[in-house]
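There are 2 protein chains.
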Amino acid sequence: MTDGVVERSRPRDRILETARDMFHKHGIKGVGVDAITEAAGTNKMTLYRHFESKDDLIVECLRANAAKAGAMWDTFEAEFPGDKLAQLHAWVRKAAAMLNTDGRGCDMANAAAELTEPDHPARRVIKELKEAQRERLVGLCRDAGIGQAELLADTLSLLFEGARVSVQTVGAEGPSTQFVRMAEGLIVSFRGSAAG
Amino acid sequence: MTDGVVERSRPRDRILETARDMFHKHGIKGVGVDAITEAAGTNKMTLYRHFESKDDLIVECLRANAAKAGAMWDTFEAEFPGDKLAQLHAWVRKAAAMLNTDGRGCDMANAAAELTEPDHPARRVIKELKEAQRERLVGLCRDAGIGQAELLADTLSLLFEGARVSVQTVGAEGPSTQFVRMAEGLIVSFRGSAAG
DNA sequence: TCTGGAAGTTACAGACCGGTAACACCCTAG
DNA sequence: CTAGGGTGTTACCGGTCTGTAACTTCCAGA
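Just so you know, the sequences run in chain order B and G.
Numbering-wise (the numbering used here), the first sequence opens with residue 1 and increments by one.
Numbering-wise (the numbering used here), the second sequence opens with residue 197 and increments by one.
Since the hints were derived computationally from the structure, they do not count as laboratory data.
Every residue gets a Cβ at the ideal spot worked out from N, C-alpha and C, and that includes glycine.
Careful, some of the hints might be misleading.
Among chain G residues calculated to face chain B with C-beta under 10 Å, some are [what the hints assert, rightly or not]:
hint, residue
1, N296
2, R319
3, G370
4, Q374
Hey, can you work out the whole structure from these sequences and the hints?
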């Protein structure tokens, strides 16, 4: 049982945390609710008392992931108060670090790859949360005084997203090793062209 | 039955083609062998006479995909014989076109997201085929006279990969719309810096 | 016309899936 | 002490999954 995470807390929290971990490691369709509840040290009935379906649990996991990712931005602000450019570089470093932590890509991207039904409830929240993340990165670029903030943010975002899937397909020794160099080069280039 | 592709040909070919189509649309774990054989106008026993398991079928589908993608490069050479820079721009246009054809990402990336077992037979071939694709793009960049060919190829590759997952998560109207602008800008920038 | 192999058919095994029912338990708030 | 809500337990439903067995049908080539 490598999927522990059974610290004593309220069953709902344990289920949510365990499900997040197992969905991340083994994929959504690769994990059944029985396995989740067992790893969470509880049982199926309790799961269905707190979540109305597996799909509902999936959505809650994605929201929890996004909340955790959102908290990351606050640490940048705390670490470099007011210095938006430093925060942008901190984002690059953090992103690069994530590439080497584990070989699994973004949970939302993976979920979108697995859940192909066009009206699956998870697809709505994935789009919402991804768009919110884009807004934050665009805002950071703009506040850092970069002229074409949207273009830089989108480029960095696509690079990072691509690096994550690259790690998942060819491993951490592939093209993703150049991510920092690419990102830093882009920031320099965009700062050189035009400032707000 | 929207997953037709039942033209009269040998059962093995029909199964392979149908499986490629259905895996692409609905994901690998989202399609059972019964559904494949039915859509291919044959039956399960015939599938298992030609493929030793579903995993084997998956691997063959990935190889077939890669073969089709490989043929794409030959069309570039045929269209712009000897003009490697033109072929690189053709790659950019082709990549951009793929972003708008359907909302599903790269089959290999999606497969890697779904098949999480570290020793799954598909993971080997995904890595092999992705590395082969990288070699081709690096070669194209180098032959186009670009100094840092590997870095440009990896950057373009990551951008494209990221654009495909972006289409899958937020749709074709998201950051991926800027893909051509990003790619062309990078090529210009790399050509300006140093040439071979 | 005969024959052999490829393909189709039906049924089944064994496992797993998401989800529910009915009931026993425990622990805390009143 | 008691009542009640949250939790645990067991069993079950109907469905789907990969994979196999045994048998029939068809068709091309000799």
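Violated constraints from the hint list, given by number and in increasing order: 1
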